[in-house]
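Asks: Hey, can you work out the whole structure from these sequences and the hints?
Residues per chain, in single letters:
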Amino acid sequence: MARKLPMYKAISEAIAQEMEKDENIFVMGEDIGAYGGIFGATSGLLEKFGPERVRDTPICESAFIGAALGAASKGMRPIVELMFIDFFGVAMDQIYNHIAKAHYMSGGQVKMPVVIMTAMGGGYSDAAQHSQCLYGLFAHVPGLKVVIPSNSYDAKGLMISAIRDDNPVMYFFHKGLMGLGWMPSPPEATVEVPEEPYTVPIGEAKVVREGSDVTIVGVAKMVYEALWAAEELEKEGISAEVIDLRSLVPLDKKTLLDSVKKTGRLVVVDEDYRSYGMSGEVIATVVENGISLEAPPVRVAYPDVPVPYSRVLERYVLPDKEKIINAVKSIM
Amino acid sequence: MEKIEEIPKETLLEIYRTMHKIRTYEETLAEWYYKGKTPRFDISAGPIPGELHLSSGQESAAVGVCMHLKPEDALIGTHRAHHFAIAKGVNLKKMTAEIFGKATGLSGGKGGHMHLFDASVNFSCSGIVGASFPQAVGVGIAAKLKGEDYVAVAVGGDGAANQGTFHEALNLAAVWKLPVIFVIEDNSWAISVPKEKSTAVSKNSERAAAYGIPGVSVDGMDVIAVYEVAKEAVERARRGEGPSLIEIKVYRLRGHFEGDPQHYRPKEDLELAKQKDPLLNFEKLLLEKGIATEEELNKIKEENIKEVQEAIDFAVNSPYPEPEEALKGVFAGGE
Ligand SMILES: Cc1ncc(C[n+]2csc(CCOP(=O)(O)OP(=O)(O)O)c2C)c(N)n1
Ligand SMILES: [Mg+2]
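These protein sequence lines map, in sequence, to chains G and X.
Numbering of the first sequence is given in numbering that gives the first Met the number 0, commencing with residue 0 and proceeding in unit increments.
Numbering of the second sequence is given in numbering that gives the first Met the number 0, commencing with residue 0 and proceeding in unit increments.
Keep in mind that a hint or two might mislead.
Per label pair, the in silico range of CB-to-CB distance [stated by the list, open to error]: (1) X:330 to G:139: 19 to 25 Å; (2) X:329 to G:0: 48 to 54 Å; (3) G:2 to X:260: 22 to 28 Å; (4) X:322 to G:290: 32 to 38 Å; (5) X:329 to G:328: 26 to 32 Å; (6) X:323 to G:290: 33 to 39 Å.
Rather than coming from a laboratory, the hints here were simulated on the basis of the structure.
Ideal placement from N, C-alpha and C gives every residue a C-beta, glycine not left out.
Replies: Below you can see the structure in the form of structure tokens.
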């Protein structure tokens, strides 16, 4: 049976169902117990599993994310929540020098089935240190899988895949898709979610709208901006295909290339910083594979500036439907 | 230690004025914050968007410490920093305009409530828990290298004292004998996590022993006690005798942030906070000891209400920044 669930409930349901089956799974993070996670992703878990398996930590990201490595080395399957991705700085060494590299450096002796779950995204004036996406940084580092759901169905399926994966997975959720009530969220992100456990494979993109003139690629909230743009463009006779990458690592090159081969035009929408990131990677992948485009590819990405606080400033820099429409028209 | 009788009346009234100003400011800001966010709370709506962490109940920490600071002394605060900003002398109008996201704000609307900068009084703060401590160490290095007598104050909550930066910075300031005062504002909570579940010692001041520096714990309900403890630490730093750690026990009168349902917090805890109100306590003391009359305090209150209202009016009536401003100012020396 499926019922409509907001993304935050889909995530906590996925964790709960896996925890019921596998007692090696436990959760650590700040305010993930009694509070249920600041964005609700662990709601109800403390009540179900108790404080041994659902551990509120002191504020010490380096210590508890590093601890995930130790626990994983002993066969546990830790899920840690980094409250906002913006806080990665205080824990990055444990993530990228250790968790990401342990399997490789140990010649395969050590497995790292760790899920690092984290909130990303802006649009509500939380400013420079609480609004970033930063998935590009983690996708850049070898050894980390990176997934980013855009709706509650994918959120549950990707979480279950992440937990079952023997590799470290960075699981990003966009605050503005969680369906929290106190934070605006497009209704489209709250979809039917089966009650039983299921997986959405890591590394599979999804064509969320078919079209023939241009391919628009994005993740998370930008998928909706792209879909809304596609609707408008349709009225003007432009047929846009929209791809939700869902995973950055591994990247589903086939879905991407097949689409661009068909449409011959590419717009990449990225809420992460423009330079050296996802948008560049997607375009490079297309170009490297010798696909000849009918027009140069375009990026609608977050410019290389910190996230400003004032609403008018943030709106100016955030990619949105209008900017996507303009980008598409510029290459038609 | 000085007794209250030995402190000049004008100093005591100054302490009262600033504490009351802070309370008035925070409670007024709260009213504005909820405009556009009722009946349904929407964090992105209203004249003050984003998060808002208010300091009501914690005024004594800011005022007790900042009374001893000069504009050249640096103060580095946290996500909850309005009280320290006001006590440090940050321009109230510009600060308010910043919180409203206006062009006339301290940073033209780019920083916001968690990122207030006023270089003219050496004030800054950050939304990253534990970020202040190492930065204050650097101010201490500058003072030493330049042969100046300014000091640096790093503020953190009880939660921040569990972050690695706290321990690294205390050690560094201690080995280099730097003029730094580490202030832990203990309000018993780090969002929903109570201190006793996160902290291995009952008092964070005990942690000073690990770094061979003085550590004092003081009751924030008594602003004069805070004032005296801070005086000693600041003077010690100015004399070149090195850093100190002060833990100030305060109570959080509001949620962690506005909109916090606080379902994790026992009712008695909130009641206790109300009983431990440092502002009411000080007001009572001033009257009971005959240091000030009700009329004198009322006059101060009226002046504060007026000043806060003027700051709000300034913010509300100021223009928003030009959108293109968003792209400017990443680097010094040009666009
Ligand atoms: C590095 C980092 N981790 C986590 C957070 C999220 N966070 C913001 S405030 C806070 C609690 C801080 O508690 P405390 O230091 O006691 O200060 P208080 O809020 O009580 O004033 C947390 C966990 C953050 N901003 N930065
Ligand atoms: Mg606290």
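Asks: State for each hint whether it applies.
Replies: Hints versus structure:
no.	hint	result
1	X:330 to G:139: 19 to 25 Å	holds, 23 Å
2	X:329 to G:0: 48 to 54 Å	holds, 51 Å
3	G:2 to X:260: 22 to 28 Å	holds, 25 Å
4	X:322 to G:290: 32 to 38 Å	holds, 36 Å
5	X:329 to G:328: 26 to 32 Å	holds, 29 Å
6	X:323 to G:290: 33 to 39 Å	holds, 35 Å
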